[in-house]
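Novice: Model the full structure from these sequences, guided by the hints.
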Amino acid sequence: MLQKLMKKQANVLIVIIIIIGIIVFWLSLKKPTPPTRVKEKPTQKIEEISGPLKSGEVGEIPEEEAKEKNISPLPPTIFNTSGIIQEIKEDRLIIKGDGSNFEDREPRELNLIFNDSTITSDSNRKITYQGLEGLKYLKPGMKVSIEGTENIRGKIEFKVSSISILY
Numbered sequence: 001m002l003q004k005l006m007k008k009q010a011n012v013l014i015v016i017i018i019i020i021g022i023i024v025f026w027l028s029l030k031k032p033t034p035p036t037r038v039k040e041k042p043t044q045k046i047e048e049i050s051g052p053l054k055s056g057e058v059g060e061i062p063e064e065e066a067k068e069k070n071i072s073p074l075p076p077t078i079f080n081t082s083g084i085i086q087e088i089k090e091d092r093l094i095i096k097g098d099g100s101n102f103e104d105r106e107p108r109e110l111n112l113i114f115n116d117s118t119i120t121s122d123s124n125r126k127i128t129y130q131g132l133e134g135l136k137y138l139k140p141g142m143k144v145s146i147e148g149t150e151n152i153r154g155k156i157e158f159k160v161s162s163i164s165i166l167y
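Residue numbers (UniProt numbering): 1 to 167.
Each hint should be verified, as a subset may be incorrect.
To be verified - Taking lysine-lysine pairs in the DSBU-like style, the calculated list, with each CA pair at most 30 Å apart, reads:
| id | residue 1 | residue 2 |
| --- | --- | --- |
| 1 | K89 | K136 |
| 2 | K89 | K139 |
| 3 | K159 | K139 |
| 4 | K139 | K96 |
| 5 | K96 | K126 |
| 6 | K159 | K136 |
| 7 | K126 | K143 |
| 8 | K4 | K96 |
| 9 | K139 | K126 |
Simulated from the structure, these hints should not be mistaken for lab results.
Specialist: Below, the structure written as structure tokens:
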């Protein structure tokens, strides 16, 4: 009888050891979580603007002279201006710009190039024309607001994204 009891206890002990082994094995399969990393803030690089965002050089004033004349600086990118239409050509307008896209603020003659995606509209944008079609509805003497497809700061010739008739 004592032998039967010892044999039963040995079997129970073996089953317990096997169960513990399975649990340990199962826990070891669980993937450890990677340590959390602190994200570094990206350092700002100030780079020279190039391509369509690069400004022109017409009407730029040296910094010292601008400070002497107490002229407030323009932002590095300007996309719109306004002016009065002087001449209408086959694929472009010649306007007398108000100078808002030049640092010296001097009015200049601007050459506005139309393309297939140029939108021409009235002041409240109820009527719109796309591409060169819009040139038919413009007349010399009209005041217009212009938005360029690129940075127009300091440029006298640029492609037009949209043009709105002000009056």
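Novice: Work down the list of hints and note, for each, if the structure agrees.
Specialist: Evaluated hints:
1. K89 <-> K136: holds (10 Å)
2. K89 <-> K139: holds (11 Å)
3. K159 <-> K139: Distance ~19 Å between K159 and K139 Cα, so the pair holds.
4. K139 <-> K96: Status holds; Cα separation ~13 Å.
5. K96 <-> K126: Given pair K96, K126 holds - Cα atoms ~26 Å apart, limit 30 Å.
6. K159 <-> K136: holds (18 Å)
7. K126 <-> K143: Between K126 and K143 the Cα gap is close to 17 Å, so the pair holds against 30 Å.
8. K4 <-> K96: violated (113 Å)
9. K139 <-> K126: At roughly 19 Å apart (the allowed maximum being 30 Å), K126 and K139 satisfy the hint.
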